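S.K.: Going down the list, the protein sequences come from chains A and B.
Position 19, counted from 1, in the first sequence is what our numbering calls 19; the numbers after and before it change by one each time, with no gaps.
Position 65, counted from 1, in the second sequence is what our numbering calls 65; the numbers after and before it change by one each time, with no gaps.
By construction, these hints were calculated from the structure, which means they are not laboratory data.
Hints may contain errors.
To be verified - In silico DMTMM-like pairs for lysine to aspartate or glutamate, Cα to Cα no more than 25 Å straight-line:
#1 A:K68 to B:D89
#2 A:K44 to A:E83
#3 A:K47 to B:D105
#4 A:K68 to B:D90
#5 B:K12 to B:D89
#6 A:K47 to B:D90
#7 A:K55 to B:E46
#8 A:K44 to B:D82
#9 B:K13 to B:E46
#10 A:K107 to B:D110
Treat the numbers as computed from the prediction; the structure is a model and nothing was measured.
Residue strings, one per chain:
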Amino acid sequence: QSALTQPRSVSGSPGQSVTISCTGTSSDVGGYNYVSWHQQHPGKAPKLMIYDVNKRPSGVPDRFSGSKSGNTASLTISGLQAEDEADYYCSSYAGTYASWVFGGGTKLTVL
Amino acid sequence: QVQLVQSGPEVKKPGASVKVSCKASGYTFTDYGFYWVRQAPGQGLEWMGWISAYIGNTNYAQKFQGRVTMTTDTSTSTAYMDLRSLRSDDTAVYYCARAPKSGYDISPFDYWGQGTLVTVSS
Numbered sequence: 001q002s003a004l005t006q007p008r009s010v011s012g013s014p015g016q017s018v019t020i021s022c023t024g025t026s027s028d029v030g031g032y033n034y035v036s037w038h039q040q041h042p043g044k045a046p047k048l049m050i051y052d053v054n055k056r057p058s059g060v061p062d063r064f065s066g067s068k069s070g071n072t073a074s075l076t077i078s079g080l081q082a083e084d085e086a087d088y089y090c091s092s093y094a095g096t097y098a099s100w101v102f103g104g105g106t107k108l109t110v111l
Numbered sequence: 001q002v003q004l005v006q007s008g009p010e011v012k013k014p015g016a017s018v019k020v021s022c023k024a025s026g027y028t029f030t031d032y033g034f035y036w037v038r039q040a041p042g043q044g045l046e047w048m049g050w051i052s053a054y055i056g057n058t059n060y061a062q063k064f065q066g067r068v069t070m071t072t073d074t075s076t077s078t079a080y081m082d083l084r085s086l087r088s089d090d091t092a093v094y095y096c097a098r099a100p101k102s103g104y105d106i107s108p109f110d111y112w113g114q115g116t117l118v119t120v121s122s
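Given the sequences, and given the hints that come with them, work out the whole structure.
M.R.: Now the structure itself:
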């Protein structure tokens, strides 16, 4: 199973919106509505921000939203804040018995 | 509250084995399973496999089959990941995360352990 494709980096100014893409195949992203997004600050464990393409766990601000079209999922962060600066990873169910595949990660810089 | 607390850092020589533990609390252990995920220095996340804490069945990523064994101990609410024949490129932070108890249920990585650094060096 190949890793999902994400841009290496994105950036935006406080208050702006940014979108991070995650491209897979019909065997993962395109085949199931089970895409998740995780935020990871340096030296910390990942934190679930979006699951099932567009659902937010309790406590995650509604500035974070997810969507999917075909084999590409997207995470949009609106109203950027300094604390949003982190690495973001997408993941997708890979179609077989509890298996998942991750993206390579995107570093978000808040200018 | 749900907590997953992992064992401390390890330094191993090439060819050795390492066993990382993940102690769960705050929920009924056998109602869930565990994913194991690793992250090499400066690299992305890599799914290693899954184990059910209910009946112990597993699914390992093809890359690790034959080298990894995942187990659980219901008496101590602890999951274990054993990786053998270590190489330098196994140097990584290893994470456990809560998973569904059935391989047919699809559930995201909602709670994570703090990570365990395993360093493989001669």
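S.K.: When the hints from earlier in the document are held up against this structure, which numbers fail?
M.R.: 1 and 4
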